[in-house]
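Residue 701 in the working numbering is what sits at position 193 of the sequence shown, and the numbering runs on without skipping anything.
A few of these clues could be false.
Stated by the list, open to error - Straight-line distance between alpha carbons at most 30 Å, and here's what the computed DSS-like set of lysine-lysine pairs gives:
id, residue 1, residue 2
1, 630, 581
2, 625, 710
3, 581, 603
4, 580, 625
I should point out that these hints are in silico values taken from the structure, not numbers from a laboratory.
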Amino acid sequence: MTGNMSRTSVATVLFLVGLVPAFDAGISARAQSGPSFDCATISGAVEKLICGDPGLSTMDRQLASVYASAEKKGGATESLKTEQEAWVARRNGCKGSNLRGCVERAYNIRIAELQAKSGLVKSIGPVAFSCTSSDGTKDKAIATFYDSTPPSMTFERGGRTLFALVARSASGARYEGANLIYWEHQGEAQVTWMGSDFKCRKSNAEF
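Between the sequences and the hints, there should be enough to build the whole structure, so can you do that?
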């Protein structure tokens, strides 16, 4: 009788011990299903949306990982922290009927921007361009293309640099961003920069 009880007790203990890894895995899975921030302390429509949306939660975890990589590569600088805080404010400022679309785009831009600026992905360039405006004015520009997620580019002109993400195009390569549209087709790039239109061709300038 005592032996039977002993074997039963041992079997019970082994069963319970066997449950521990599964229990831990369950906790881990739940932790990975939400965003990188604590949903118990959220405020505002945007954060509530992210906590309740698996897709946006995944993007938030991805951004947290990319941000950590950027800190590791370039150092946890004050400017990087300030940029991230400013981005969070812009993300939380999303509103309107397409709230999810606004938040998703905010994540896409920030992830690609961090990857590009911090040198976390491969790039092509800088590529020099000679540009002509609609009134005949000529100047120079520089483009760099990044294998980010999603693909992105920077376009520098007149001492200012604008950032854009890849966009759908029936032909050629097209990128769109705030104050910048870049469409390259058959060796010529049509560029809308701060509301002004240019036609640009690759030049032989070296950097």
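Hint check:
Only pairs whose Cα atoms come within 30 Å are accepted, and residue 630 paired with residue 581 is accepted, the gap being roughly 15 Å. For the proposed pair residue 625 and residue 710, the alpha carbon gap of about 23 Å is at most 30 Å, so the pair holds. Restraint check for residue 581 and residue 603: not satisfied, since their Cα atoms lie roughly 34 Å apart, outside the 30 Å limit. At roughly 13 Å between alpha-carbon atoms, residue 580 and residue 625 fall within 30 Å of each other, so this suggested pair holds.
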